[in-house]
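Note that the protein sequences, when read in sequence, are chains D and V. Mapped onto this note's numbering, the consecutive letters of the first sequence carry residue numbers 11 to 364. Mapped onto this note's numbering, the consecutive letters of the second sequence carry residue numbers 11 to 364.
These aren't lab readings, by the way, just hints derived from the structure by calculation. Some hints could be false.
For chains that are exact copies, the list does not tell them apart, and a pair is met inside one copy or across any two.
DSS-like cross-link-like pairs, simulated, lysine-lysine; straight-line CA separation at most 30 Å [as the list claims (entries may be wrong)]: (1) Lys146 - Lys43; (2) Lys43 - Lys187; (3) Lys222 - Lys343; (4) Lys72 - Lys339; (5) Lys187 - Lys324; (6) Lys146 - Lys187; (7) Lys240 - Lys77.
Protein chains: 2
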Amino acid sequence: MENPKNKTEENFTCPLPVTNYEHVTLAHGGGGKLSRELIGQMFLSQFCNEYLEPMHDGAIFKIGEQKFAFSTDSYVVNPIFFPGGNIGELAINGTINDLAMCGAQPLYLSVAFIIEEGFPMNDLWRITLSMQAAAKNAGVLLVTGDTKVVERGKCDKIFINTSGLGTIDDGVNISPKNAAIGDKIILSGTIAEHGIAIMSVRENLEFDSQIKSDCAALHDLVKTMLSCTKAIHVLRDPTRGGIASSLNEIAEEAQVGILIEENMIPVTEQVKGACEILGFDPLYVANEGKLIAFIPPGETDRVFSRVRSHPLGKSAAIIGEVISDHPGKVVMKSSISGSRIVDMLSGEQLPRIC
Amino acid sequence: MENPKNKTEENFTCPLPVTNYEHVTLAHGGGGKLSRELIGQMFLSQFCNEYLEPMHDGAIFKIGEQKFAFSTDSYVVNPIFFPGGNIGELAINGTINDLAMCGAQPLYLSVAFIIEEGFPMNDLWRITLSMQAAAKNAGVLLVTGDTKVVERGKCDKIFINTSGLGTIDDGVNISPKNAAIGDKIILSGTIAEHGIAIMSVRENLEFDSQIKSDCAALHDLVKTMLSCTKAIHVLRDPTRGGIASSLNEIAEEAQVGILIEENMIPVTEQVKGACEILGFDPLYVANEGKLIAFIPPGETDRVFSRVRSHPLGKSAAIIGEVISDHPGKVVMKSSISGSRIVDMLSGEQLPRIC
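Bound-form chain D, shown alone (with noise of 0.2 Å):
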């Protein structure tokens, strides 16, 4: 506290079984059970208000007789420069696919850097135009910015929010709440390339051959599903915490059962393998170019054979249902094993990697 003259003016106490917490601790931020406790009882608690969907990865609103998407995203990630990608272009394709997530076509975003002083102008460039090359390439416009230099030590390199705005085709509506029992869930692509390719560089580990990040904008995959049907129920990109998170999330949104199998989850083996080495289930890895769709079981072949002649989504694969028992949880059929549950991570895996 700065300041303990001003603290006596305004002396408000947190209610403490708001988080059980006396510190924010890394876990707050991970994309798990502590990040959900903190969002719900801290922020919503207060913010609270029909558009604010915890579960959603945007806002949905009506302006006039358009519906929009509005979502806001600060990447933090570490290192900056990451096999696949840099913060730049994360902070670019994120945005865009929690718009996309949304069933939202991504028209503007804006742009916020905080700069640590000392920061190399060159790196600084990469990132600029790595911005500008993602943002061309998935039709956006970057329209308004910010820019904050703080001392050295005040930040860690380069943070940078980006917030952006879409416009909802009538007749779209996508919403976690919208899992309904008999859905099929498709996943675009294999799974926890972006996490791995984060953690082998912070871990310096060397592969046959390098593991790229599988950041990717989203909205054209997207735009090409509801071209062949609105009647898509759930789309997630299952950023933090995994594939394991989002299903949990949607789960308990919608409360309904979810059932996936093991063997129909696509994962290279390479990840597979680095996996195994770093001691993470790739179902917690995040994900930055994969979306998850839950579509209702008359709409799933032609979706999914739409999805398959996609760019990414190649290595898609249907890899469970919604089904009425255990609400609220993931089971997960393995073919060794039998059933277990997936459940949420309580703590955090992986920080900053996003």
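Position chain V relative to chain D; hints supplied.
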């Protein structure tokens, strides 16, 4: 550079004339000449598009028949609690003001936290409560958010980004480019209070009575002004760099001369005294609840009397006018010492003021 192996793949070199600096300095975030150079030569040169107006507080675009403003700001103020406000309240009011300066009615805000591991939950609670209070007070909704936690020492307590969306009524066309010869310049109140409040805490200065930040949401004042006339040419909230920087930006953008009268600029005696002690010129010190408006001469009296009748405009003054002489420059007439050019600062005056 984390990963030299990576670097060789994409070997970007920043064309040095772009910035003349090999590293980012605090001055690049200070709101003066170097800030403008960085933004112009680095970001605008790449992100270039019709909506990205460097000298406006937000982007303005149409979707269907509706005109929107979209704005973003990251807040890194130090200390996070200060007389008259805190980082959370500042983040809400600051983005509301950026939208208001586009002539927009703010509707929806996003909130993204970057929190340092170990940050007191109590302080987060206090910030959350005041953000909600500020949003409620201003009639805006916080609809989407993001929470990241970084390791101890990797950021300074807490940084908050807010982005916002607002709608602009037909017939409203506010832009720094619109400053026209003959326009009168209204300043809505006493200057330099935010910056001095922050610096007083940092420097541990004691005054007879505490100087408080003027942190406030200005959209209602703008609404009042627009209900009087839509012929407002320019609005600007003089934050980083103070009224001197804002006026210089407008003069340069519109290529007009600006003449202001020193003795018309409202400054409290207390702030004057503090500026003398601290060695600051109040013209360059940040405000967080003041606006500058450029109004055609025929409309000025009506608008001015409306401003004066608003709670946030009680000390408003007409401080000058737009002239044809010395385009791109700001000149101040002093009662004692004749006229002098009020230039933009090249370096940083006050880091982390917002």
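Worksheet item: 30 Å Cα cut-off: does Lys43 pair with Lys187 within a copy, between copies, both or neither?
Response: within (19 Å within a copy, 50 Å between copies)
Worksheet entry | Alpha-carbon proximity between Lys222 and Lys343, which holds within one copy, between copies, both or neither at 30 Å | Within one copy only: 29 Å inside, 62 Å across.
Fill in: Copy assignment of Lys146 with Lys43, given that the CA separation must stay at most 30 Å
This pair counts as between: shortest inter-copy Cα distance 29 Å, intra-copy 36 Å.
Discussion item. Checking an output row: Lys72 and Lys339, CA cutoff 30 Å. Within, between, both or neither?
Written reply: neither (32 Å within a copy, 44 Å between copies)
Worksheet item: Between Lys187 and Lys324, at a C-alpha cutoff of 30 Å, which is it: within one copy, between copies, both, or neither?
Response: within (28 Å within a copy, 49 Å between copies)
Discussion item. For Lys146 and Lys187, with the copy left unspecified, which applies at a CA distance of at most 30 Å: within, between, both, or neither?
Written reply: Result: close only across copies, 27 Å inter versus 33 Å intra.
Worksheet item: Between copies, within a copy, both or neither: which fits Lys240 and Lys77 at Cα up to 30 Å?
Response: both (15 Å within a copy, 28 Å between copies)
Going through the hint list in order, the structure does not satisfy hint 4, though it satisfies all others.
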